[in-house]
Amino acid sequence: MTNGYGGIIASGIRRSFGSVPAVRNIDFEAPPGEVTALIGPNGSGKTTLLLILASLLAPDAGTLSVGGFDPATNAAAVRRKVGWMPDTLGVWESLKAREILTTVGALYGLSSTAVSHRAAELLAEVSLSEYADSPAGVLSRGQQQRLSLARALIHDPDVLLLDEPASGLDPGSRVALRTMLRRLAGEGKTIVVSSHVLSELDEIADRAVFVNRGESVKSQTLDEAGTQLRRYCIQAEPMGALADALASHGVVFEERGDSRRVEYQVLLSSTEQAAWLLRTLILADVVVTAFAPAGGALEETYMSLDTERQ
Amino acid sequence: MSTDTVEGSRTHSLGYVAGVRTVFGLEMKQRLRGRAWYIMMAVWFLVIGLVFLLATLTTAAMDSAGPFLFDLVVGFVLFFGLLVAPGLSANAINGDRTGGTLAILQVTLLRPGQILWGKWLASWVASLGFLALSSPFIFWALALGGVNPLEAIVSLAVLALELGLVCALGVGISALAGRPLFSIVTTYMMVALLGLGTLIAFGLSMSLVMEEDVQVTQSFYDYPREAIESGRMLTEEDLECLTNQVIMPVWHTERTAWLLAANPFVIVADAVPYDRDSLQSEPDSLGNTYRTPGVMESISAQVRLAQAGPDYEVTCEEAQFFGPGSRDIEKEPLPIWPLGLVLQGGLAAAVLWAGRRRLVTPVRRLARGTRIA
Chain L
1 MTNGYGGIIA SGIRRSFGSV PAVRNIDFEA PPGEVTALIG PNGSGKTTLL
51 LILASLLAPD AGTLSVGGFD PATNAAAVRR KVGWMPDTLG VWESLKAREI
101 LTTVGALYGL SSTAVSHRAA ELLAEVSLSE YADSPAGVLS RGQQQRLSLA
151 RALIHDPDVL LLDEPASGLD PGSRVALRTM LRRLAGEGKT IVVSSHVLSE
201 LDEIADRAVF VNRGESVKSQ TLDEAGTQLR RYCIQAEPMG ALADALASHG
251 VVFEERGDSR RVEYQVLLSS TEQAAWLLRT LILADVVVTA FAPAGGALEE
301 TYMSLDTERQ
Chain F
1 MSTDTVEGSR THSLGYVAGV RTVFGLEMKQ RLRGRAWYIM MAVWFLVIGL
51 VFLLATLTTA AMDSAGPFLF DLVVGFVLFF GLLVAPGLSA NAINGDRTGG
101 TLAILQVTLL RPGQILWGKW LASWVASLGF LALSSPFIFW ALALGGVNPL
151 EAIVSLAVLA LELGLVCALG VGISALAGRP LFSIVTTYMM VALLGLGTLI
201 AFGLSMSLVM EEDVQVTQSF YDYPREAIES GRMLTEEDLE CLTNQVIMPV
251 WHTERTAWLL AANPFVIVAD AVPYDRDSLQ SEPDSLGNTY RTPGVMESIS
301 AQVRLAQAGP DYEVTCEEAQ FFGPGSRDIE KEPLPIWPLG LVLQGGLAAA
351 VLWAGRRRLV TPVRRLARGT RIA
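Listed in order, the protein sequences are those of chains L and F. Number 302 in my numbering belongs to position 302 of the first sequence; there are no gaps in the numbering. Number 369 in my numbering belongs to position 369 of the second sequence; there are no gaps in the numbering.
Just so you know, not all the hints are guaranteed correct.
[Claimed, not checked] Stretch-level coverage of chain L by chain F, calculated; a stretch enters the list once three of its residues show a Cβ under 8 Å from a Cβ in chain F:
1) 65 to 76
2) 82 to 89
3) 92 to 101
In case anyone wonders, no lab produced these hints; they're calculated from the structure. For every residue, glycine included, the Cβ atom is placed at its ideal position computed from N, Cα and C.
Use the sequences and the hints to build the structure in full.
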């Protein structure tokens with residue numbers, strides 16, 4: 001029976017394939033109405049975790065609740081609530097885009113009138129209306145990806161599991177995806193996005209779970225990520241004046257040469273501190289030409305985990 | 001509970017038949033839109049046509065060309081059908097798994113049985129297309145006369161059933177095996193096991209069912225000594241039936257005939273209600289009352305002899321060269337083909353059942369080297 005919680009709670013999830021552990025110990029929570037990013041390097045167990053959440057794979061150990069149900073005991077209830085977009089684009093190449101959506105809709109038990117209406121709506125939403133009657137095999141990778149997203153949404157799921165949804169999308173489609181996911185989250189749906197394009201997740205996600213080598217290593221909200229220690233890049237004309245100003249205020253900086261121009265990186269603990277430093281530099285007549293966070297908030301966490309690991 | 005009402009309004013359910021129908025439709029659309037099926041059909045038509053044409057030419061002089069040709073076509077259609085059906089069915093599940101589309105089906109409300117039913121029915125219908133394509137030849141042979149239309153209908157029905165059984169094997173094996181190539185080869189091996197393996201097993205088991213030193217009454221025709229010594233031309237009228245008792249080994253093939261029952265050729269051959277009485281019907285121009293039995297009819301006759309087991313008393317009637325000859329095999333109480341269908345059906349059901357277990361999600365044990373998606 002449903003436990004009343006519409007989101008996802010997983011704790012102590014373990015799964016190995018033969019002797020190879022894919023997921024060692026993952027705790028994962030995705031509340032309804034938010035976009036949760038699942039972040040980790042290749043082979044860290046993201047796809048395996050999503051397969052477990054999608055009720056396709058049984059965990060060796062751990063407790064799990066997806067949309068209020070346990071996939072092990074009530075897979076059908078979970079499937080009614082979950083839309084899953086795999087990282088491998090399985091498309092029936094000879095089927096038309098519209099047919100793929102209506103077929104899958106029928107397999108969710110939707111009536112044919114409801115499903116054809118819904119298919120047209122979704123095709124418009126992922127800008128594939130003009131390809132509705134093209135065989136899926138002739139669509140480009142990005143178009144197939146959008147079709148796959150529409151397919152995952154056909155039964156209006158409460159929980160959406162997206163495995164690398166943005167890879168292969170052009171910038172316009174990425175923006176559209178972002179808008180769509182934010183809207184769906186606004187409607188109260190639980191959304192999980194796995195990716196390693198971190199800059200993008202910064203703008204979509206409300207929270208992030210970092211996994212590495214099959215273990216969840218950190219879980220934080222974007223707000224938390226924003227208040228953590230962050231690196232900022234500063235450039236000025238000339239750089240010498242900047243160096244003096246930083247030194248006089250006791251700010252430790254590091255010269256970075258990997259950019260086309262020399263820049264200084266400083267570690268700042270908060271946005272307030274950043275504002276203070278910028279104001280101070282300008283009042284000291286340093287000609288600041290660039291002052292920006294070195295990377296996204298999530299990238300910062302990701303990199304800090306990376307250094308912890310080494 | 002408030003969530004229950006929300007649940008209730010959103011609970012879609014998928015009927016069992018509706019799910020099977022959708023999977024079937026999905027499969028058929030893909031087959032009909034691909035080119036492979038049509039190319040295979042064209043090759044099939046050419047090959048069967050060629051065989052039929054050659055057979056027509058060679059049997060043109062025969063009196064009973066109709067039944068002979070009919071038997072030949074049925075035999076060849078079965079042979080080619082056994083070659084085609086594994087190719088049409090044995091990549092049904094693992095082909096989708098490789099293509100990443102199986103998981104998309106599994107994540108819907110479909111149950112494993114529905115996937116198997118849909119895919120099996122689709123591959124069966126696809127292989128029935130080949131049977132339909134060969135029916136002109138069957139009816140042509142029928143038109144030449146001498147074949148009871150009931151024989152034709154039964155033959156087609158049993159051929160269709162055989163194709164369905166091989167497709168079921170193929171679909172089941174494709175769910176079990178990781179790679180399409182492996183499952184197709186395995187299905188061919190299974191078909192070879194049924195088609196040839198049963199014969200080999202039957203042959204090898206002969207030594208196991210041999211009983212030595214059995215007293216048997218033998219009858220045979222020979223010319224009596226006085227006729228030979230008379231020095232005149234001997235005619236058929238001089239033949240005399242001699243009966244004596246001999247001690248000889250006998251083979252209890254009735255114990256091993258069931259091995260042959262699992263052979264697809266035996267099933268098709270044995271199921272047809274041959275007009276065996278016509279073998280001794282009207283005397284032909286040479287005065288012989290003998291009709292050449294077709295290939296399939298001979299198979300059926302041989303199998304029924306094997307079923308009957310050793311003949312402890314060969315009567316004079318049975319010993320005749322011409323005419324009714326041999327034993328009255330119609331007397332054998334049970335035709336063997338139902339047993340064959342049960343054996344093959346049992347095998348197919350076992351393979352499908354094992355395959356179904358591989359489709360159950362959430363997956364606990366995953367075969368080595370396979371991915372869910």
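So, going through the hints one by one against the coordinates:
1. 65 to 76: With 5 residues closer than 8 Å to chain F, the segment 65 to 76 of chain L meets the three-residue bar; holds.
2. 82 to 89: The restraint on the segment 82 to 89 of chain L holds, since 6 of its residues have a Cβ under 8 Å from chain F and three suffice.
3. 92 to 101: holds (count 4)
When held up to the earlier numbered hints, the structure conflicts with none and fits them all.
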